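Q: Start from the sequences and build out the full structure, keeping to the hints where you can.
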Amino acid sequence: MAGKDDWGKQNTIRGKAIYDRHHWAGMSLHNAWINTSEVRDIRLK
0 MAGKDDWGKQ
10 NTIRGKAIYD
20 RHHWAGMSLH
30 NAWINTSEVR
40 DIRLK
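According to numbering that gives the first Met the number 0, the sequence shown holds residues 0 to 44 in order.
The set of hints was computed from the structure by calculation and includes no laboratory data.
Wrong hints could be hidden among the right ones.
Derived DEER-like restraints, expressed as beta-carbon distance ranges [unchecked claim]:
1) 38 / 9: 40 to 46 Å
2) 19 / 39: 29 to 35 Å
3) 8 / 40: 26 to 32 Å
Predicted model only: the values in this text are computed from it and were never measured.
All residues carry an ideal CB built from backbone N, CA and C; glycine is no exception.
A: Written as structure tokens, this is what we have:
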């Protein structure tokens with residue numbers, strides 16, 4: 000049982016690291032999209 004708990008803990012840490020990396024990449028893409036949208040809005044004005 001203890002071994003299973005340890006595995007679950009390691010799995011959560013690994014999962015969080017992967018999630019954080021993907022989340023960070025997603026945020027940079029999102030920010031880049033917002034920046035290009037703002038530039039487009041300024042040009043339209």
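Q: Run every hint past the structure and note whether it holds.
A: Comparing the hints with the structure gives:
no. : hint                : in the structure
1   : 38 / 9: 40 to 46 Å  : holds, 44 Å
2   : 19 / 39: 29 to 35 Å : holds, 30 Å
3   : 8 / 40: 26 to 32 Å  : violated, 47 Å
Figure legend: structure checked against the earlier numbered hints; the only hint not met is number 3.
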